[in-house]
Every structure is written in C-alpha cells, then in structure tokens.
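With these hints in hand, go ahead and build the complete structure from the sequences.
Taking the working numbering, the leading residue of the sequence shown gets 20, the next gets one more, and so forth.
Hints should not be assumed to be uniformly reliable.
Unchecked claim - Per label pair, the in silico range of CB-to-CB distance:
#1 194 x 333: 47 to 57 angstroms
#2 197 x 167: 53 to 63 angstroms
#3 195 x 338: 45 to 55 angstroms
#4 146 x 197: 44 to 54 angstroms
#5 199 x 150: 51 to 61 angstroms
#6 341 x 196: 41 to 51 angstroms
#7 355 x 195: 50 to 60 angstroms
#8 364 x 322: 23 to 33 angstroms
#9 196 x 150: 51 to 61 angstroms
#10 253 x 199: 23 to 33 angstroms
#11 302 x 357: 25 to 35 angstroms
Source of the hints: derived by calculation from the structure; they are not laboratory data.
Here the structure is a predicted model, which means the values were calculated and not measured.
Glycine included, C-beta positions come from ideal geometry on N, C-alpha and C.
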Amino acid sequence: MPKNSNPEESDQKNEGDSSNENPKNDDIKSSSKEALSLFEEQEKREARKSKKKDSGVDSSKVGGILPPISKLIEEDSGDSHSEKESNESISDDSNVIHIKPPIILKDLADKMGIKPFNIIRDLMGLDVFASLDSSIEPEVATQICEKHGFVFEKEKREKGGGVHKVEEVIEEPPPPEPEEKGEEELPLRPPVVTVMGHVDHGKTSILDAIRKSRVAAGEAGGITQHINAYSVEHDGANITFIDTPGHAAFTEMRARGANITDIVVLVVAANDGIMPTTHEAISHARAAGVTIIIAINKIDLPNADLNKVIAQLQENDLTPEDWGGETICVQTSATQGLGVDDLLEMIALQSE
Numbered sequence: 020m021p022k023n024s025n026p027e028e029s030d031q032k033n034e035g036d037s038s039n040e041n042p043k044n045d046d047i048k049s050s051s052k053e054a055l056s057l058f059e060e061q062e063k064r065e066a067r068k069s070k071k072k073d074s075g076v077d078s079s080k081v082g083g084i085l086p087p088i089s090k091l092i093e094e095d096s097g098d099s100h101s102e103k104e105s106n107e108s109i110s111d112d113s114n115v116i117h118i119k120p121p122i123i124l125k126d127l128a129d130k131m132g133i134k135p136f137n138i139i140r141d142l143m144g145l146d147v148f149a150s151l152d153s154s155i156e157p158e159v160a161t162q163i164c165e166k167h168g169f170v171f172e173k174e175k176r177e178k179g180g181g182v183h184k185v186e187e188v189i190e191e192p193p194p195p196e197p198e199e200k201g202e203e204e205l206p207l208r209p210p211v212v213t214v215m216g217h218v219d220h221g222k223t224s225i226l227d228a229i230r231k232s233r234v235a236a237g238e239a240g241g242i243t244q245h246i247n248a249y250s251v252e253h254d255g256a257n258i259t260f261i262d263t264p265g266h267a268a269f270t271e272m273r274a275r276g277a278n279i280t281d282i283v284v285l286v287v288a289a290n291d292g293i294m295p296t297t298h299e300a301i302s303h304a305r306a307a308g309v310t311i312i313i314a315i316n317k318i319d320l321p322n323a324d325l326n327k328v329i330a331q332l333q334e335n336d337l338t339p340e341d342w343g344g345e346t347i348c349v350q351t352s353a354t355q356g357l358g359v360d361d362l363l364e365m366i367a368l369q370s371e
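Given below as structure tokens:
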C-alpha cells in the first residue's frame with residue numbers, strides 16, 4: 020500500500036485543496052452577478068423607454084407635471100372616434116349590396132351569402148312569390164337586405180368617399196322655337212264667303228252672275244240641293260264662295276256653311292222680304308260670329324219694295340249703313356247683272 024493511503028488523510032488533503040480554490044470561485048460568481056444585474060437594469064431602462072414611446076407619454080408628463088384631465092379625455096375620445104369611423108367605413112363597405120337591374124333572386128342571395136330558399140321564404144312573408152331566376156323590384160330587395168343587416172343601393176358607391184355614383188343623363192336640347200312672323204309677313208288666304216237666304220231668292224243666280232255662268236238652270240227644280248264651292252278672282256285676289264241650300268229641309272247644311280266661313284252674304288228678295296229661312300240664316304251667322312253682308316236682290320221687279328225690306332232688317336238689328344247702321348247693304352239684280360261688282364267690292368273690303 021502506498022504512503023498516505025489513509026482515507027482520513029486523503030479527505031483532509033481534499034478539504035485543504037478546496038479551501039485553497041474558494042477565493043477564486045467567489046470572485047467569478049460576484050462578477051457574473053454584477054454583469055447580470057447591469058444587463059437586467061439596461062433591459063428595464065429600454066423597456067421603460069419603449070413603453071413611454073408607445074403610450075405617447077412625453078418627458079414633461081413623466082417629470083412630475085401632469086396634463087389636464089380634459090386634454091387626456093379629448094385625446095382618448097379622438098382616438099376612439101377615429102377608430103369608430105374606420106370601423107364604420109369598413110362595415111359600411113362590407114354591408115353594401117349593389118346589383119344593377121334586373122335584380123335576380125339568385126344573384127342577390129350570392130351577394131348576401133344567404134341560401135336562396137331563405138330569401139324565397141322572406142319573399143313569401145311579403146306576399147311575393149318568386150323562383151331562383153325571377154327578378155324582384157328594388158323596393159323588395161331593399162326590405163330583404165335590411166332584414167339581414169345589409170344595405171341595398173341602386174347606384175354603386177365609389178371607393179374612398181361614400182359618394183354614390185350617379186349615371187350621367189344627357190338631355191337633348193329643346194327644339195328651336197319657330198320664329199314669330201309679323202302680320203305683314205304672313206301670306207293672305209282667300210276669304211271664304213257663304214251665300215245664304217230663303218229658297219228662290221236668287222242665291223245661285225247671284226253666283227252665276229259673279230262667275231258669269233248658268234248653274235241655276237241645271238239644279239233640280241231650280242233650287243240648290245247640296246253645298247257647292249267656287250273660287251272667283253277679283254282684282255287679282257281670289258275669293259272662295261260657298262252656295263248653300265235655301266229650302267227648309269236643309270237646315271244642317273246651312274249651319275255647316277256658316278261655321279266654315281268668314282263672311283255671310285244674306286240674299287233677300289226685294290219682292291218677298293225676310294222669310295222664315297232668312298231668320299234661320301241670320302241665327303246661324305250670328306252663332307258663328309261672322310260678318311253679314313245684305314244683298315237685296317230682284318230690285319228690277321215691278322213689285323219690289325225696298326222700304327219694306329229695310330224695315331224688316333232694322334227689326335232684326337241689321338240696319339243698313341245708309342240708314343245710320345253698321346250693316347253693309349247692296350242692291351242687286353242677278354238677272355240684269357246690277358250691283359254684282361259693288362257686292363264683290365264690299366266683300367273684298369270686308370275681308371281685309
């Protein structure tokens with residue numbers, strides 16, 4: 020056995036050796052603790068700096084001078100308001116449904132992310148029955164969208180402003196208004212003159228004299244049975260004449276003739292005077308509001324009585340101008356051609 024092999028001696032030796040090494044280990048441990056503490060303090064300082072930076076607290080607040088409470092509340096309300104606006108803009112855009120008409124039920128269901136049969140069930144609750152390919156009215160689509168938390172809009176909202184995109188409507192310019200011409204520039208139309216009176220008082224005979232023809236001889240029984248129209252030129256101007264029946268059976272024809280005319284030539288035979296058909300012709304002319312010119316015909320007959328005719332005219336408020344009235348009165352004889360030119364002259368003056 021070697022020397023110093025006694026266990027007690029070896030243990031004492033080891034204890035002596037470890038006691039010699041303890042001062043070095045203590046120095047190392049103390050150095051590492053100091054380094055760790057410095058490192059932890061550095062991390063804490065950086066964490067406090069970053070926390071101050073993130074929370075927006077400046078040095079003045081940390082230094083012991085606190086800002087007013089109203090300012091802090093205002094800052095908090097501003098932040099919450101901005102966050103609310105951003106959330107609302109996001110939710111508004113996500114909840115807006117836009118479909119151009121026609122609004123198909125299936126397309127609406129796809130946009131809303133809802134099964135079509137749910138929308139069909141909602142429509143049945145509104146008394147609207149539709150299939151997948153059916154179109155619905157915008158008002159109905161609005162109700163369906165509101166029920167499921169969506170907003171239906173006809174016009175698509177533009178990005179970034181919440182402004183609705185309105186389709187531009189191009190209006191056609193109104194047609195140009197026609198130029199108003201003065202009375203001097205308007206062309207004159209020929210006056211329309213209707214010849215009226217009692218049967219066999221010479222209406223057609225006067226027209227024969229004006230046209231220089233023989234129409235009366237060709238009429239059945241020598242009386243006019245229908246309305247005739249003629250155009251006559253006098254002093255370079257045309258005059259349209261309408262010959263109406265004088266028989267009592269042709270009342271409607273005389274009424275129509277008075278309604279389409281400018282001037283009525285009332286023929287009264289000098290030997291007969293005013294007859295019932297003459298009274299009727301006066302009523303038609305006054306109802307139409309046209310001018311009346313009196314032609315006292317057959318003045319060449321021996322039994323002609325002008326005073327009687329003039330008195331009868333006064334009784335019907337048709338006083339001749341020569342007697343202080345305003346009614347133009349011309350004496351004529353169709354068979355002799357007397358007074359025909361004077362009658363045409365009065366018609367031309369009255370038509371102007």
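field: Hints breached by this structure
entry: Violated: none.
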